[in-house]
Amino acid sequence: MTTPSGEEREVKFLGGASIDGAPVAYIIVLAAVVTALSFIPFSVVMASGGSFPMAQGVYSLVGWVLGPIAGAVASGIGALIGVFLAPHTAGVAPVTVYGAVVAAFAAGTMVFGKLRSKWWIIAAVIGVGSIAFFFGRALFVNGVSLKAVVLGGASQWVGVLLFCLPTRNIFARWIASKNIGMVALGVFFGTWASFAVSHVAQSAITYYMFNWPEEVWMLLAGLVPVEYVSRCLIGAVIGAGVIAGLRAIGIVKPTYATY
Amino acid sequence: MSEIIAALDKVSYKYPRSSDFVLKNIDLTIRKGEFFGVIGPTGAGKTTLCLTLNGIVPQFYGGRFFGHVHVAGLDTLDHPISLMASHVGAVFDDPETQLIATSVENEIAFALENLLVSREEIMARIPRALAAVRLEGTEKKHPAELSGGQKQRLAIAAALAVQPDLLVLDEPTSQLDPVGAQEVFATVRELNKELGMTIVMASHAAEEMAEYSDRVALLSHGELAALGGPDEIYSQIERLLQNDLRPPEVASTFYLIQKKGGPIPKIPVWMGEGVETLKKVQKTCEITPPRENWTARTYGGEPLLSLKDLKHVYPDGTEALHGVSLEIREGEYVLIIGQNGAGKSTLVKHFLNLLKPTSGSVKVGGVETSQMTVSDLARRIGYVAQNPDNQIFNATVGEEVAFALKGLGYAAEEVESRTAESLAAMGLSEAREMHPLSLPKGDRARVVIAAILAMKPEIIIFDEPTTGQDYRGAKYILEISRQLHQMGKTVIVITHHLYLMPEYAERVLVMGKGTLLMDAPIREAYHAVKLLQSTFLMPPQAVLLTQELEKLKGQPLPKLLTPDELAGCFRCNHSGRIP
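Chains as they are written, first to last, in our numbering: chain R, 1 to 259; chain U, 1001 to 1579.
For reference, chain R alone in the conformation it holds in the complex (with noise of 0.2 Å):
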């Protein structure tokens, strides 16, 4: 190893074309391709109706690649201008926008170091609070049953449970493994358990919207977790791809990215 004899400097990013660590390209990159996998439509039927789109698979592994908050900025903006250029998978925008954000969000707190090691609880009070609210609406005022409940909403309870519990960690642990099979999938529950608290937080609006009955609950407790798996199996398979391709060629990584 050489020995250098200059005085050693230190190597900062000047000219604030980044957020929060994550270079502004990136963000723009990102956010592009959230808005081009918004013309997919991924699904036929979802609680509030209509299809929604692919880039749903991809919202969180925007997180983890960017970090919390510039994550959360380009999920936010690849859905935003995917509402007006493909309203067909748009359901009800301005909660297809914030589902984008939180899930982005959500993501990006998954960590394993001590790098803010607490934000997490910020996504889980969202994600908890708006599964009370949501739950609480259906059995409470709405008078659903507990069972229809409690499988209806299945997929959300148990992928928020996983974001809470630290499954959360070790599914951070396994995107940034060396090991590419391990990524695909910390990618594939980290979608799940990421997700889940940006659906329930979606849903909490929506069901104050439709008050959709017993019967869809019930069919929702088939339909939801086939949804569940082939969201998170469309991001394992783009971020496992995205994860060694970004390693692969060195490109600088975002401060606060995951991977």
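Rather than coming from a laboratory, the hints here were simulated on the basis of the structure.
C-beta atoms are modelled at their ideal positions from N, C-alpha and C, and glycine is treated no differently.
There's no promise every hint is true.
If we take Cβ atoms under 8 Å as the criterion, some of the chain R residues that face chain U in the derived model are [to be verified]: (1) T2; (2) S5; (3) G6; (4) E7; (5) E8; (6) V11; (7) P41; (8) G113; (9) K114; (10) A244; (11) V252.
Put chain U on the given structure of chain R with help from the hints.
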């Protein structure tokens, strides 16, 4: 002494994930108005050095940085890249990756808009920048409509419009054909000589760098191994070869003659000097043509590839091939040369059935390609594209090599054995689980070749395999082509780098404007200098010196191709008298 525009003081730098320093205690200064060359093998630190001048290293990449870099009086670590960009213009190797706007004028305006230059000023600078690179009249064109050389000149114009103190060019001609490279060198030289622009250029183009540079820095393993005038640096042949750098052929030739006792006090490094030196040396040395038998090898049997009156007209009406007829036999090593647009790629695409003849016939192994599917041909013909990265899309080297085999329906055991065999043949067994893009470019080309070898094709086509490679990388790939040829494969190489091919190719097809201008053994083709120049190809300097020597001596010489062969004709004693 001229004013110093850039100064590096004890600069060392380590990328975040590199195990060692990429730059090591570099001390150098660049003077205003200077044409400063940076040379060195791949991995020597040339690009990193260029990037320190505008602060991208270390500000964008991070890592550990020691020492100071001052450009136009500004410390590059204390000022944002956006400010440094107004002092340092940067042009990189691939013009395609630098152009983002939808018109030539918007491309030039882009950086200016970002620097908040007023509209009036932008409108005034656009024509000036275009005039400086001789692109007037293209303002409204889409950059995609420009040729490779024009695109690179546009990138230079965009950098110039900012009115930088320093223009940094990192391998600006490595992706260009000879015409494009000549355009870029002529433009840069004009900017330097006529406008006094300070130029820092990293390049492997030894002949041009020797001719145009005022000073040259030789980097080796991140250290400044030598610094001096081009005559000083390029005349140190052994040092260049030790660093995997190709000396200009004129320098190699006279170095070898000097070693044989030729009276050469100073080794010339560019052609004009070389001709003058030749005039003097040929008077004091005996010229004895070598006795080697250089008769071209002939190949018998049925043709493996044959074209008859092949014509191709593209849907837009462009006539790309006009009745080309030729035959290639099993085991041949054929070189196809010609400027961009000569029809080389169109020709090769017919071999692969990627294009159908408008008229005429194409046969592979005696069977019309129209009767064969692309996958049939893929088993018989392997194609290595110019940029190996475009052919790589799997996550590991092993998967990449096995991919086509699986697609062609081979059994799992066969896929495994062929993959292992191919990886071993290309020396990639240990890289099997690595991501292909994590390998150096030369190795990425080997991954593509291994994937092709796994299909056991009879013919392997290399399309511009040496573009963007340094001397070591280029030789490495060509050695693989030689190895394949020795294994009995038919090898077809398309390249503009004529100087690299004498050791390998046997037969040359010279294409021009969609016709086959010449089909001859390599010695004959390389000495058809006027014909080569008519299609903008530059014969190697050893060929030009041979012809110059013939004129001076008034006696015919064999058709020599390399500095070794030419120097071998000289019989000199150490006193410089004819023995």
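Query raised in the report: Which of the listed hints are broken here?
Result: 7, 8, 9
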